[in-house]
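Using the working numbering, the first residue of the sequence shown is number 222, and each one after it goes up by one.
Hints should not be assumed to be uniformly reliable.
[Said to hold, decoys possible] Calculated lysine-lysine pairs in the DSS-like style (CA-CA distance at most 27 Å, straight line):
| id | residue 1 | residue 2 |
| --- | --- | --- |
| 1 | K442 | K484 |
| 2 | K435 | K447 |
| 3 | K484 | K405 |
| 4 | K394 | K384 |
| 5 | K410 | K442 |
| 6 | K410 | K340 |
No lab work stands behind these hints: they were computed from the structure.
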Amino acid sequence: MKKKLISLMIVIFSLLFFLTGCGNGEKERQVAESELSLLFKAYGFTGEMNVEDAVGRTIETSIYSADGHYTEVVNGEELTFSLSLGYGEEPEDSSPEAIASTESLVRTFFPIALEAMWKQPEGRQLQKEMERTIKGFQFDHMTYSGFGGTIDEDSPQIGDYYKVVETNRKAGKPLQGLYDIPIKEMLAKENVIGTFSFHLMTSDVLNEKLGQAKEAKEFLKTAVEKADLTQFPDGKYSIGFDEETESGTYSGSSSNYFYFYVKDGTFLRIDEDYYF
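Work out the full structure: start from the sequences and follow the hints.
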């Protein structure tokens, strides 16, 4: 399934490209902080940003990358969001209309949009309750690594999510719109997908590795079907794992994940057509 491309110079790095430049340089850090600060201000963000590390030009793209934190006060609470962003490329459309649009705001600050939503009190409570169940899934050499998720821009009802963000946005505080999200409603409409991830240690021997991964996935499918999901809001969720061999080789594959659906606190079905 084709996903919309992020158009305004920020690229989310789940896996960084091999780099040709030198990292950790003070000059690179200052340039990154300056570039990203301008972008944040263009969208009306009023908080403070701290770039902790920046790296040089990558092999396959002219975009640089930076890591750090952004802090802003929302509803009287100081919230800090982690950054793993790219900078240094001219946006395709830098018009005020494009920068001001809600869709552009969400796509540009996609990881912050997700993090903000789950930082609100309801989000924290829901995550805690759901993880209580998921952490009970015990399988040899597999450990729970964390909760995440995505905003599905291909959802038939994604327009409802954008409307909520637009309605919530306040003068000078666009982050407010990303924070005040009715999570249960967005989950039920499948605009938001919750993701639970595990880490599986496997053998270095290929056949054994494949067998262990297959067994782990089947275990998770059975565990989800039999689990007490009464604390899960109606919606679509994904679950799976990455792999690490005994010698330390790391790998991740979408084939190790699958979707499951919850309705009225009970398991509905599994969908193995995983596309994120």
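Hint by hint, here is what the structure shows:
| no. | hint | in the structure |
| --- | --- | --- |
| 1 | K442 x K484 | holds (17 Å) |
| 2 | K435 x K447 | holds (19 Å) |
| 3 | K484 x K405 | holds (12 Å) |
| 4 | K394 x K384 | holds (16 Å) |
| 5 | K410 x K442 | holds (23 Å) |
| 6 | K410 x K340 | holds (20 Å) |
The earlier numbered hints are all upheld by this structure, with none contradicted.
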